[in-house]
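Asker: The chain contents come next:
There are 2 protein chains.
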Amino acid sequence: MTDAIQIVLAKRPEGDVTADCFREETVALPALTDGQLLIRSRFLSLDPYMRPRMTEMRSYTPPFALGQPLTGGSVGEVVDSRNPKFVKGDLVIGMLNWASHTVHDGKGLRKVDAGVPLSAYLGVLGMPSFTAWYGMKHICKPKAGETVFVSAATGAVGQVAGQLARLAGAKVVGCAGDEDKCVWAVREAGYDACFNHRTERDYGAVLDKLCPQGIDADFENVGGRLFHAVFERMTNFGRIAFCGAISEYQDTTPLAGPEKMFGIVQKRLTIQGFIVSDHVALMGDFINDVAPLLPSGKLKSRETVVDGLAKAPQAFMGLLKGENFGKLVVKIS
Amino acid sequence: MTDAIQIVLAKRPEGDVTADCFREETVALPALTDGQLLIRSRFLSLDPYMRPRMTEMRSYTPPFALGQPLTGGSVGEVVDSRNPKFVKGDLVIGMLNWASHTVHDGKGLRKVDAGVPLSAYLGVLGMPSFTAWYGMKHICKPKAGETVFVSAATGAVGQVAGQLARLAGAKVVGCAGDEDKCVWAVREAGYDACFNHRTERDYGAVLDKLCPQGIDADFENVGGRLFHAVFERMTNFGRIAFCGAISEYQDTTPLAGPEKMFGIVQKRLTIQGFIVSDHVALMGDFINDVAPLLPSGKLKSRETVVDGLAKAPQAFMGLLKGENFGKLVVKIS
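Chains as they are written, first to last, in our numbering: chain A, 1 to 333; chain B, 1 to 333.
Pulled out of the complex, with its shape left as it was, chain A reads as follows (with noise of 0.2 Å):
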């Protein structure tokens, strides 16, 4: 019997997660029945889109149960196996607990192999960057001289989305939280700007600014007042990829769209909204277009590695603020 260290929805945040949100606690596991795997976790991926899951609003996913382990994407080690699937030492990645250990049934799990740095799996080999790609290939369809806009430039998915549009030839434009994830915007990413909007509190300024000829597409991470600015400056045909918005996820009061939705007619503007997860189907042709261009350093990534499980409520909670600098993982020893 493997007793397991994990982390439950104590209470459902208002407004800003705090750290009564989370419980840690310490279960013992029950036995594997027929079917079922045991999983040693190595990494947790925090993600924004955990948020809204953690309140009972309508969302995409159900929300996490009172009282239950968070779950969120994951690499582990299989330490046991009753599923003929899978045997013990198998590295895999799906939806774990934010746990030291998980027992699992198998759904949704896929092998991945120790030729690349674990976390890869989710970062720029995963999730974050499968939407960044899903968004930028399917929705934005950046052309070469098109302006391209990216709001959390240097998020786990952002960096992905400015650096794929760059790759297709267009002029990125990103905004971030700080000083120095702009600088590794422009010198490492390549973006050709990116500008820190806690200190340009004039967005409509400095977007007419960086981007005179308007913008063509928008990778729409932030949302609010941000993207208020943005959709005002959309281009005739602009394509809006509607991926996130995590300035409204801690937002009590809810904010009112854009003024002048008539623009969506008169630009002809497409607005799609989406769930990487729908796409899965998709995933093969991301891996074929994205892992050829990470050996040469043609895409580059940054992630912030927070030591040790009982660290993921703090960490999450400056994710939600911006504190992370690139894709947020747990390294759970």
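Since the hints were made in silico from the structure, they are not lab data.
Worth double-checking, as some hints may not be accurate.
[As the list claims (entries may be wrong)] Below, computed lysine-lysine pairings styled on DSSO-like, alpha-carbon distance capped at 30 Å: (1) A:321 - A:209; (2) A:298 - A:141; (3) A:267 - B:298; (4) A:137 - B:137.
[Unchecked claim] A short, non-exhaustive set of chain A residues, derived as facing chain B with CB atoms under 7 Å: (5) 223; (6) 248; (7) 254; (8) 259; (9) 261; (10) 264; (11) 268; (12) 271; (13) 273.
Note that CB positions come from ideal geometry on N, CA and C, so glycine has one too.
Given the coordinates of chain A, assemble chain B onto it according to the supplied hints.
Answerer: Chain B alone, transformed into the frame defined by chain A:
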């Protein structure tokens, strides 16, 4: 030499269009030069999109020029031609002045025949119907059993949109501005339900009642508060064909968009603005699809015919307040 009676834009409206925005004048038309033709107008189409063109707001079509005739989709008869493609007596459709006669260079004109009532070329066989067909076929894509909402359900565009959705097997709910229109929508156009948006003030409640499964596709003509209520009730993978926003055209203070834009992501909505003139290459497909529905009465249409050019301004002001019933055309004698 021919005199033309024409209506020019005397001043730009602020808020509601008023009678003093128009001025009727008689001008002596110049002699035709090579390539030109003289057309006598028979029917002039009045459409909501003309309102944005009266002001200088950035729009998909350039604004009408002050002191110059307004223009509109029209059917006319060639009375003189120095253009080799047209001869006296040809019936043509195209953009003509709000006028008894227009000197034209022939570009964008299309010949029509007198086999159907000429006003139909401005309605059920013309731009409004083509608009409905494009939005329904290429954006809303209704499937049997889905719920489709059409605002301005009996307008020139809406009446066709609703019927095409019904013919696709969808449940169709609409709204219109008086009881007679609602009765016509249900009895003649086959809407499952149509509510009066002037007497039903709680749009959310009436939509919840009439669309208990939510709205899978919205053909949006109205915008404003009504759109906000529709947006909130879209189902997962919902489609919004954004065609117009007549409720907002005369607003002097811009209305904010709907709250909870993150719903676009959660529900994977597609919102697409469109202008049918971008899709003229599909006109033949539209005619092939829609013309066969007319003789059998599978597709019905209503029109309001106003007699005399002098009445065009008043009729247009009424259109913006929803006083027409179906397609509004002016007969020019």
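Asker: Please work out if residue 298 (chain A) and residue 141 (chain A) have their alpha carbons no farther apart than 30 Å.
Answerer: holds, 19 Å
Asker: For the pair we were handed, residue 137 (chain A) and residue 137 (chain B), check the Cα-Cα distance against 30 Å.
Answerer: holds, 24 Å
Asker: Grab the minimum C-beta distance from residue 223 (chain A) to chain B and call the hint holds if it beats 7 Å, violated otherwise.
Answerer: Holds. Min distance 6 Å.
Asker: Can you verify the interface hint for residue 264 (chain A): is its Cβ closer than 7 Å to any Cβ in chain B?
Answerer: With Cβ-Cβ at 4 Å, under 7 Å, it holds.
Asker: Holds or violated: is there a CB of chain B closer than 7 Å to the CB of residue 273 (chain A)?
Answerer: holds, 4 Å
Asker: Should the interface hint for residue 261 (chain A) be scored as holding, given a Cβ-Cβ cut-off of 7 Å against chain B?
Answerer: This hint holds: residue 261 (chain A) lies near chain B, its Cβ roughly 5 Å from the closest one there, short of 7 Å.
Asker: Report holds or violated for the interface hint on residue 259 (chain A), using the least CB-CB distance to chain B and a cut-off of 7 Å.
Answerer: OK, holds: residue 259 (chain A) within 7 Å of chain B, min 4 Å.
Asker: With a cut-off of 7 Å, does the beta carbon of residue 268 (chain A) approach a beta carbon of chain B closely enough for the hint to hold?
Answerer: Given a least distance of 5 Å, the restraint on residue 268 (chain A) holds.
Asker: Min Cβ distance, residue 254 (chain A) to chain B: is it shorter than 7 Å?
Answerer: Check passed: Cβ of residue 254 (chain A) comes within 4 Å of chain B, closer than 7 Å.
Asker: With the threshold set at 30 Å, check whether the alpha-carbon distance from residue 321 (chain A) to residue 209 (chain A) stays at or below it.
Answerer: The hint holds at about 26 Å.
Asker: Against chain B, with CB atoms and a cut of 7 Å, does the hint on residue 271 (chain A) hold up?
Answerer: holds, 4 Å
Asker: Run the distance test for residue 267 (chain A) versus residue 298 (chain B): straight-line Cα separation, threshold 30 Å.
Answerer: With a Cα-Cα distance of about 34 Å, the restraint between residue 267 (chain A) and residue 298 (chain B) is violated, given a limit of 30 Å.
Violation of the numbered hints given earlier is confined to hint 3; every other hint is satisfied by the structure.
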